[in-house]
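Trainee: If you're matching them up, the sequences are chains A and B in order.
All residue numbers for the first sequence refer to this note's numbering, where the first residue is 1 and numbers rise by one.
All residue numbers for the second sequence refer to this note's numbering, where the first residue is 1 and numbers rise by one.
Some hints here could point you the wrong way.
[What the hints assert, rightly or not] Here are the computed lysine-lysine pairs in the PhoX-like style, where the Cα-Cα straight-line distance is at most 25 angstroms:
id: 1; chain 1: A; residue 1: K79; chain 2: A; residue 2: K69
id: 2; chain 1: A; residue 1: K42; chain 2: A; residue 2: K96
id: 3; chain 1: A; residue 1: K79; chain 2: A; residue 2: K96
id: 4; chain 1: A; residue 1: K57; chain 2: A; residue 2: K96
id: 5; chain 1: B; residue 1: K53; chain 2: A; residue 2: K42
id: 6; chain 1: A; residue 1: K96; chain 2: B; residue 2: K70
id: 7; chain 1: A; residue 1: K69; chain 2: A; residue 2: K59
id: 8; chain 1: A; residue 1: K59; chain 2: A; residue 2: K42
id: 9; chain 1: A; residue 1: K79; chain 2: A; residue 2: K42
id: 10; chain 1: B; residue 1: K57; chain 2: A; residue 2: K96
id: 11; chain 1: A; residue 1: K96; chain 2: A; residue 2: K69
id: 12; chain 1: B; residue 1: K11; chain 2: A; residue 2: K96
Keep in mind the hints are simulated off the structure, nothing from the lab.
Here's the letter readout for the chains.
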Amino acid sequence: EDQVTQSPEALRLQEGESSSLNCSYTVSGLRGLFWYRQDPGKGPEFLFTLYSAGEEKEKERLKATLTKKESFLHITAPKPEDSATYLCAVRGSWGKLQFGAGTQVVVTP
Amino acid sequence: DAGITQSPRHKVTETGTPVTLRCHQTENHRYMYWYRQDPGHGLRLIHYSYGVKDTDKGEVSDGYSVSRSKTEDFLLTLESATSSQTSVYFCAIRQGASQPQHFGDGTRLSIL
């Protein structure tokens, strides 16, 4: 059974204080690891897809990396507008997405 | 925006009543999904569709049914709502096998 565990559950950062979010997974036949951002009252917004160990993707202050057992979402010099819940999901050989419970990030000025 | 509209956005109803939620897309994508999101559980798949009249169950399908008579519409029905079905429901669409899913803004459903 595919499983995804995200840590920490919550993260409070000062503006400019870089940090990383962790997504550990077990999956049969990885067909993609996905990162989403979710704002309160909104649906998840797609950020990145990673397919193989060693792959990296960047967008503004966010950088996602992938190993065979986990993925990291690095937030560099965050701003208050980076406050959101970040979701990780994996797609295995059966084709459906398995989501983690998310990490809630709050960035204070 | 991914061209997904969910309706209604909010609904309060009573135990035992039928409820239908609608997901409408303007992208002509083949795949459509219904999830529920509850604190501590993340997003869990209820049902999905891979074409008109082609649907299948997800991990939490008990008490739910779906229909897809047109490419653009995917309906989720609770035949007899229970309090345990109080949740936020999200619809998602996907274009192809290697593409990510894109989500609507959800329906907040409260069953009293």
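Trainee: Keeping to a limit of 25 angstroms between CA atoms, is the pair of K57(A) and K96(A) held or broken?
Mentor: Given pair K57(A), K96(A) holds - Cα atoms ~22 angstroms apart, limit 25 angstroms.
Trainee: Do the alpha carbons of K96(A) and K70(B) lie within 25 angstroms of each other, as the hint requires?
Mentor: holds (22 angstroms)
Trainee: Would the hint linking K11(B) and K96(A) be met if the CA-CA limit is 25 angstroms?
Mentor: Distance ~28 angstroms between K11(B) and K96(A) Cα, so the pair is violated.
Trainee: Are the Cα positions of K53(B) and K42(A) separated by 25 angstroms at most?
Mentor: Status violated; Cα separation ~28 angstroms.
Trainee: Mind checking the alpha carbons of K79(A) and K96(A) for me, to see if they're no more than 25 angstroms apart?
Mentor: violated (33 angstroms)
Trainee: Is K59(A) close enough to K42(A), meaning Cα to Cα at most 25 angstroms?
Mentor: holds (20 angstroms)
Trainee: Can the restraint linking K69(A) and K59(A) be considered satisfied, given a maximum Cα separation of 25 angstroms?
Mentor: Satisfied, since the Cα-Cα distance of roughly 23 angstroms is no more than 25 angstroms.
Trainee: Could you grab the alpha-carbon distance between K96(A) and K69(A) and see if it respects the 25 angstroms cut-off?
Mentor: holds (18 angstroms)
Trainee: For the pair supplied as a hint, K79(A) and K42(A), is the alpha-carbon distance within the 25 angstroms limit?
Mentor: Given that 25 angstroms is the threshold and the Cα spacing comes to 20 angstroms, the pair holds.
Trainee: Is it true that the CA of K79(A) sits at most 25 angstroms from the CA of K69(A)?
Mentor: violated (29 angstroms)
Trainee: Would the hint linking K42(A) and K96(A) be met if the CA-CA limit is 25 angstroms?
Mentor: holds (22 angstroms)
Trainee: Does the alpha-carbon distance linking K57(B) and K96(A) stay inside the 25 angstroms limit?
Mentor: holds (11 angstroms)
The earlier numbered hints that this structure contradicts are 1, 3, 5 and 12.
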